[in-house]
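Going by our numbering, the residue at position 369 of the sequence shown is 370; the numbering climbs one at a time, nothing skipped.
Among the hints, erroneous ones may be present.
What the hints assert, rightly or not - Calculated cross-link-like contacts (lysine-lysine; reagent style DSBU-like; alpha-carbon spacing at most 30 Å):
| # | residue 1 | residue 2 |
| --- | --- | --- |
| 1 | K464 | K377 |
| 2 | K237 | K252 |
| 3 | K48 | K269 |
| 4 | K201 | K252 |
| 5 | K201 | K324 |
| 6 | K405 | K377 |
| 7 | K423 | K237 |
| 8 | K405 | K464 |
| 9 | K237 | K201 |
| 10 | K324 | K464 |
| 11 | K48 | K201 |
| 12 | K377 | K324 |
| 13 | K268 | K252 |
| 14 | K237 | K269 |
| 15 | K423 | K377 |
| 16 | K252 | K48 |
| 17 | K423 | K405 |
| 18 | K268 | K237 |
| 19 | K252 | K269 |
What the hints contain is simulated information worked out from the structure, not anything from laboratory work. Computed from a prediction, not measured in an experiment: that's the story for all the values here.
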Amino acid sequence: MALIGMRDLSIRFGGPPLLEEVSFFMEPGERVCLVGRNGMGKTTLMKLLAGELQPDSGEVVRQRGLRVARLEQEVPEGLMGTVWEVVAAGLGPLSSALIDYHQASLRLEQSGGAAALRALEQAHEALDRLSGWGEQQRVTELLTQMSLPAEMPFSDLSGGMKRRVLLARALVTEPDLLLLDEPTNHLDLAAIQWLENFLKPDTAGRSFRGTLFFVSHDRLFLDRLATRILELDRGKLTDWPGDYATYRQRKETALEVEAAQQALFDKKLALEESWIRQGIQARRTRNEGRVRALERLRRERRARRERPGSVRMQLEMGELSGKVVVEARQVSYRYHDTLLIDQFSTIIQRGDKVGVIGPNGVGKSTLLRLLLGELKPSQGSVHLGTRLEVAYFDQLRTLLDDQKTVIESVGEGRQEVLFNGKTRHIISYLQDFLFTPDRARSPVSILSGGERNRLLLARLFLKSSNVLVMDEPTNDLDVETLELLEALLVDYAGTVLLVSHDRAFLNNVATCTLVFESEGRIGEYVGGYDDWLAQRAPEPSPVLTSKKGRSEETRASLQVRKEERDRGRKKRLSFKEQQELAALPGQIELLEGEQRLLQQLLADPEFYRRASSEVVATTGRLEALEQDLALAYERWQRLEELANEG
């Protein structure tokens with residue numbers, strides 16, 4: 002017997018129906034992913050399954066006693082209390098007694114006293130009356146299983162940790178059906194991998210064992226979890242058995258068939274319209290059946306809902322930057338007493354697409370600001386290249402004013418925008434980003450997450466740039482828009498600095514990846530996410546790291562063994578060293594060019610009439626250049642020797 006489903010269900014909120022006579026059913030144990038363009042009604046469908054909305058017609062069919070839990074797309078505002086209390090609140094009427102007992106236990110443990118003991122006894126009796134001891138134990142076990150800090154205030158957590166707490170609040174009810182709306186949004190890679198493993202059934206029973214219905218734009222996530230795809234398109238629901246890759250292949254074929262059928266229909270309609278326009282001849286023949294058939298064709302054509310257009314994205318490309326965009330040397334950065342970045346060096350060249358990976362709160366945005374010269378490093382130096390024009394995609398959407406309309410946010414009071422040297426009306430430009438004229442006049446406050454991201458892209462792409470900085474651009478975008486953005490960034494002639502937790506996006510765009518590792522170290526790897534997995538060092542043996550007292554001894558012995566291995570084998574260039582060797586001649590050429598200019602300047606007697614501080618600075622720069630050149634030549638020679646040996 003089906004667990005849950007819909008029968009001939011329809012719902013609309015003005016305009017065309019979001020769901021039109023939809024029917025489908027789910028069996029226990031299925032993992033179903035709902036896909037579709039932004040604004041098609043995916044969240045509405047989930048609310049109907051959860052019983053939070055009622056349809057205009059049709060019905061939602063459920064098994065008797067079915068327990069359903071839903072994880073919303075956004076973190077609800079106003080949630081207060083500790084993690085333990087927020088999770089326990091998911092148990093409804095029983096939650097108040099659970100929280101009272103938990104708080105009384107903590108007070109007795111922390112301060113003791115007769116009053117605390119009496120409060121605990123009262124809470125104990127209340128929990129006894131409600132038979133809530135099983136639920137109390139379930140909350141504690143779930144927090145341990147999900148590695149959540151029970152007594153930390155919910156408001157102090159990062160966005161990713163808040164999402165994990167809300168997932169625990171949904172799971173504590175032991176639902177038969179779990180509804181997840183964009184569960185990977187704002188999670189870092191470690192949290193996404195944990196969630197994947199938790200939602201995959203295993204034989205040991207450590208994972209979720211119920212039925213899963215989810216919406217996600219994360220292609221790797223849904224490819225690894227989904228056993229069935231449901232697609233919501235123009236009010237209709239299509240069922241695609243199998244995984245996401247199979248769906249993509251079959252969907253492409255179905256769209257080709259649909260386009261061919263519509264072309265034949267339109268051709269037939271055009272012929273009949275031509276016949277009826279002959280007027281007197283059509284009336285003389287008195288072919289009333291043909292006239293009625295034409296009316297049916299017209300009604301069918303009016304009822305057809307066209308596929309929504311695709312986002313048409315282009316970038317306002319500025320002049321080319323210098324070959325070297327950013328050079329960081331031994332950069333360290335401390336925030337108060339915390340070392341975020343330790344001795345980091347890199348060279349980013351024109352055309353590089355640099356991905357940045359790391360846990361939430363580790364300092365990824367700080368690294369971007371250091372590389373752009375917006376922050377001064379605690380140690381080391383950052384040198385920016387020439388002719389840089391930077392355009393910045395804002396992760397927190399702080400650039401958007403909720404009180405302004407979409408038009409005002411992009412046009413800034415103008416009705417026309419200049420794009421790629423041509424003047425365009427603001428409405429026409431916004432239609433490229435799927436904003437209808439009515440939606441373009443709407444306030445930003447009512448936009449969905451996907452629409453806000455498209456609005457930010459529309460603002461960003463109006464700016465002339467040769468360096469794009471994109472901090473989490475993929476959240477809330479549908480898969481089709483994601484793939485268009487990927488293609489645009491791959492073809493972009495400038496440089497891209499990209500922070501993202503979307504693994505497929507990184508694989509398809511990044512030419513190299515900076516990864517935050519332990520204790521402020523940042524590793525640099527050629528390629529995207531999968532390339533990093535292949536190149537990274539294996540995890541240290543638990544035996545070597547289990548006893549802190551031997552950590553220094555272990556590190557020393559490992560270093561000795563490494564040196565012994567290195568002496569006994571031929572050296573080979575790493576990926577990073579190969580890149581460095583290829584880049585060094587160009588860097589040396591730039592340094593020598595600057596050296597010649599400074600030498601000519603210092604050879605001119607008129608130069609010494611300038612301020613003494615400028616003379617001293619120029620002389621100091623020339624001395625630094627000579628040292629840099631000597632080091633660069635030495636490094637070049639050493640790398641060439643290693644390349645020849647290998």
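Any hints this thing doesn't respect? Which numbers, in order?
-> 3, 5, 6, 7 and 15
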